[in-house]
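J.: Read in order, the letters of the sequence shown correspond to residues 4 to 143 in the numbering used here.
These are calculated hints, taken from the structure and not from any lab test. Some hints could be false.
List of simulated lysine-lysine pairs, DSS-like, C-alpha gap at most 30 Å [stated by the list, open to error]:
#1 K57 / K140
#2 K57 / K129
#3 K86 / K129
#4 K86 / K104
#5 K129 / K75
#6 K94 / K123
#7 K86 / K75
#8 K94 / K75
#9 K57 / K27
#10 K104 / K94
#11 K142 / K57
#12 K140 / K123
#13 K86 / K123
#14 K142 / K31
#15 K57 / K123
#16 K129 / K22
#17 K94 / K31
#18 K140 / K31
#19 K75 / K57
#20 K129 / K142
#21 K104 / K75
#22 K75 / K140
#23 K142 / K104
#24 K138 / K31
#25 K104 / K140
#26 K123 / K138
#27 K138 / K27
#28 K57 / K31
#29 K142 / K94
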Amino acid sequence: MSESNIEELTAQAVAAQEKVDEAKATLKAAEDVLAGLEEELGAALAASGETQVKAAERYVTLSVTHRWSVPKESSDNLLAALKTHQPDLVKESVHSSTLNKFANEMNARDDAPSWWAEVKALLVEKTSQAVRITKSKPKK
Numbered sequence: 004m005s006e007s008n009i010e011e012l013t014a015q016a017v018a019a020q021e022k023v024d025e026a027k028a029t030l031k032a033a034e035d036v037l038a039g040l041e042e043e044l045g046a047a048l049a050a051s052g053e054t055q056v057k058a059a060e061r062y063v064t065l066s067v068t069h070r071w072s073v074p075k076e077s078s079d080n081l082l083a084a085l086k087t088h089q090p091d092l093v094k095e096s097v098h099s100s101t102l103n104k105f106a107n108e109m110n111a112r113d114d115a116p117s118w119w120a121e122v123k124a125l126l127v128e129k130t131s132q133a134v135r136i137t138k139s140k141p142k143k
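Build the full structure now, drawing on both the sequences and the hints.
T.: Right under this line is the structure:
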């Protein structure tokens, strides 16, 4: 391979890399704008009670996730309360995914038993929301 061929290929590779770098910078800027808009849109959807809208052949969906945890100082009391009210849920401890599923189901019920308030008071709930924009209608 001749030296001029190497120089030409090097110049082409450098030019291509510059285009890639520019494209990545443009993409990063667009993603930053989108992230800000998704945050605002999530807040607006949550405030309105809407969870899904359609625009420009895209579906915009708000999903809310509730995660439950147990502070160390409450763990013994929580286990005792769950053993009393939900003995099938507890072995020696309760796995976090089991606790999350159980707490989300109980919290969503309009007819939750009175003991749920006692158990819920021992938990810490963290809520997060995300906006997804898709071309196809999201599954429920």
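J.: Please work out if K142 and K104 have their alpha carbons no farther apart than 30 Å.
T.: At roughly 19 Å apart (the allowed maximum being 30 Å), K104 and K142 satisfy the hint.
J.: Does the structure keep K129 and K75 at a Cα separation of 30 Å or less?
T.: holds, 16 Å
J.: Check whether the Cα positions of K94 and K31 lie no farther apart than 30 Å.
T.: violated, 48 Å
J.: Is the hinted pair K142 and K94 satisfied, with a Cα-Cα distance of at most 30 Å?
T.: Roughly 34 Å separates the two Cα atoms, so the pair is violated.
J.: For the pair supplied as a hint, K86 and K75, confirm whether the alpha-carbon distance does not exceed 30 Å.
T.: With Cα atoms ~17 Å apart, K86 and K75 stay inside 30 Å; holds.
J.: Regarding the pair K140 and K31, is the alpha-carbon distance no greater than 30 Å?
T.: Between K140 and K31 the Cα gap is close to 27 Å, so the pair holds against 30 Å.
J.: Are the Cα positions of K75 and K140 separated by 30 Å at most?
T.: violated, 42 Å
J.: Between K57 and K123, does the CA-CA distance stay at or below 30 Å?
T.: Roughly 36 Å between the alpha carbons, so the hint for K57 and K123 is violated.
J.: Mind checking the alpha carbons of K94 and K123 for me, to see if they're no more than 30 Å apart?
T.: holds, 19 Å
J.: Take a quick look at whether K57 and K140 sit within 30 Å of each other, Cα to Cα.
T.: Judged against 30 Å, a Cα distance of about 9 Å means the pair holds.
J.: Just to be careful, I want the Cα atoms of K138 and K27 compared with a cutoff of 30 Å; is the pair within it?
T.: Since the Cα atoms of K138 and K27 sit roughly 23 Å apart, the hinted pair holds (cutoff 30 Å).
J.: Has the given pair, K138 with K31, been kept, meaning a C-alpha gap of at most 30 Å?
T.: Roughly 21 Å between the alpha carbons, so the hint for K138 and K31 holds.
Taken one by one, the earlier hints fail for this structure at numbers 12, 15, 16, 17, 19, 22, 26, 29, listed in ascending order.
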